[in-house]
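Using the hints, position chain H with the ligands against chain F.
Residue numbers (the numbering used here), protein chains in the order written: chain F, 1 to 405; chain H, 1001 to 1231.
No lab work stands behind these hints: they were computed from the structure. Relax, there's no trap hidden among the hints.
If you want the footprint, here are the derived chain F segments under chain H, 3+ residues with CB under 8 Å:
no., stretch
1, 5-13
2, 312-318
3, 392-399
Now the in silico label distances, taken between C-beta atoms and shown as ranges:
no., chain 1, residue 1, chain 2, residue 2, range
4, H, Ser1071, F, Ala347, 56 to 64 Å
5, F, Arg402, H, Gln1027, 23 to 31 Å
6, F, Gly20, H, Asn1010, 50 to 58 Å
7, H, Ser1189, F, Gly20, 46 to 54 Å
Some residues of chain H that are not near chain F, with every Cβ distance over 10 Å (derived):
no., residue
8, Gly1018
9, Thr1021
10, Asp1062
11, Gly1064
12, Asp1070
13, Ser1074
14, Lys1124
15, Arg1138
16, Asp1182
17, Arg1190
18, Arg1214
19, Leu1222
20, Val1224
For each residue, glycine too, the CB sits at the ideal point set by N, CA and C.
As a plain string of letters, each chain reads:
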Amino acid sequence: MQFPFRLAMRHLMARKARNGLTVLAISIAVFLLCFLIAVVQGMEEGIRSASSHRLVTQSAVSLFVDLPTSYQQKIDTIDGVHLTTKFRWFGAYYQERKNFFAQFAVDHPRFLDMYTKDIEIIEAVGGTTGPAARAAVQKAFSSDRRAAIIGVGLRDGERFGFQLGDTVPLIPSIYPRADGNAWEFVIVGIYRPLKARIPDTTMYIRADYINEAFDSGEALGSRGAGVYYVNTEESVPIDQVAKDIDALFANGPQRTQTITEAAFASFFVSAIGNLPLFLGTIGGAVLFSIFFSVVNTMMISGRQRLQESGILQALGFRPIVSTMLLIWEGLLISLLGGGIGILLALATEGSLIRIFAQNIQNYQISVPLMLLALGISALLGIVAGLAAGIPFLRSSPTDALRSSG
Amino acid sequence: MPDKFITLNNVSKSYTRGGETLKVLDQLQLSIARGDFVALMGPSGSGKTTILNLVGGLDSCDSGSVHVADSEVSAMSRSELPAWRSRHVGFVFQSFNLLPVLTALENVMLPLQLTPLSAAERKKQAAFALDIVGLSDRASHRPTQLSGGQEQRVAIARAIATDPAVIIADEPTGDLDRSSADEVLQILSRLNSELDKTILMVTHDLVAAKKAKRLLELDKGLLVEDQQQEA
Ligand SMILES: Nc1ncnc2c1ncn2[C@@H]1O[C@H](COP(=O)(O)OP(=O)(O)OP(=O)(O)O)[C@@H](O)[C@H]1O
Ligand SMILES: [Mg+2]
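In isolation and in its complexed conformation, chain F is listed as follows (with noise of 0.2 Å):
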């Protein structure tokens, strides 16, 4: 063997603050790059997911302003349309602010119908499983108006950890109650999702329940729908359908804006702040200066060791080994940062997505993507390491020893 992998050890022994901070820059480069991408994946898979046969009917003013419910029989006759449901955001947290999920108020006898290839009902009140159990949530979610149909999250996560058959007290935050209770919802059935774009944390509630709570006074708030949900048939073009529903408010009182899912989901990624170009740029920005730095310190590295090149040389080493001793080193230390960096991003993945559980469905950092940021910290190190080595293939050893050190 004859390159001095100890030489390449005690040089970086040597210099251990100045390697350390570069190891620590490149692993929080590293984490950034491995939770921006994470991020950006994660919502793309969310709008991939979303289904081809399904359109959002929402006003054309806003989001946040609910379409009435005397829309739903409209929409229903026009041709295309399969089912459609209700889908307001009813907004309430279980005891504390912190421990916020989504519910959404839907039509019960056709929500599930709706969802069939979305979510899978993995149990029913009374302990029902298998393939039975969707029907048995069917019979329990129309039996009850409080009835709830939760994601397994809501089961198993520490601070939620509800039962099928529990009675939840949410805690309004839009939809005020006019005793100035809670909320009361019983749990009548668990869902698994089958698309990334749905979160195993979300409460399907009955739209019928809140509507008639507000008609009768018991709750503050006016009837609506929040948004239509429209499952179209394949027969029709979509965009079709689309232009339809649309065409059938033109004139009020409530113009509607009809997109697809994929498009509405792709809606909510920008309504959280065009945070992929945002986080995008800086850390793009962040990546660029840390690499130009590595780079800087490596080629200090390398003027300083001219005179160590020019010894080697006359020791009987080629020049090359004092490149790959450099190359060596780099790698080493983007090697380490970047391994640093992709443990920090695994450690973090479980806190990021419960943080990110209602916006981005799928933040993973995925084998493939370790592997790129090791490929990219291996690179880098590579890239510094020649830039900083480069220069001893074409000094003379006369001149090298000449040099100081």
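Then chain H with the ligands, alone, in the frame of chain F:
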């Protein structure tokens, strides 16, 4: 000369810097016998280091030839020279040139990396070389923890680690006080007499020059003095 171990035949060397050509060696003729200890003296800029660099294969001449042992060094390509150096010459420099990040023992082991020896054998041989220069007890010291004289002795151990036939020393005592210099010179004499190393040493120090068997004086690239000395 009984046998010609090192030969410079009609060697010319000039440097060009900033458009000006400086002729350092002009048709130099020199041969050195195996096992000789040669001191090379002369004023600054007379071409002493240049001669060492040519003999050690660190630099190439413009014309003429350089032979060391059975090899024509001047005919070797840049890619052949490193391996040849590693087997045939050991260098000792004025400023020691130890690698500061390595211990004394590791510095001495470094050239052995180029040999087929196992790690254990390398360590053993390096320890032996350190023993020859009397520094076994300093094996794990870094150069900064050693005196100048000790550093130079480690450098000598490094130069002989691969057991080369030739030792090239450029002002090895130039940076040392008298007593350290004397120690170093004594080691070089012993390497010459006991281990039969052929030594070519540049020096400005008359005391050092006296230790050699043969004294050469160079002036403006020409040999102006060549005398055998009594031990
Ligand atoms: N790489 C080089 N480029 C240009 N000129 C050089 C180079 N190396 C040596 N010289 C010149 O060649 C001449 C001889 O240099 P050399 O180093 O052989 O002298 P020296 O006898 O060793 O001197 P000193 O006693 O100062 O070490 C000097 O004038 C020096 O400036
Ligand atoms: Mg000189």
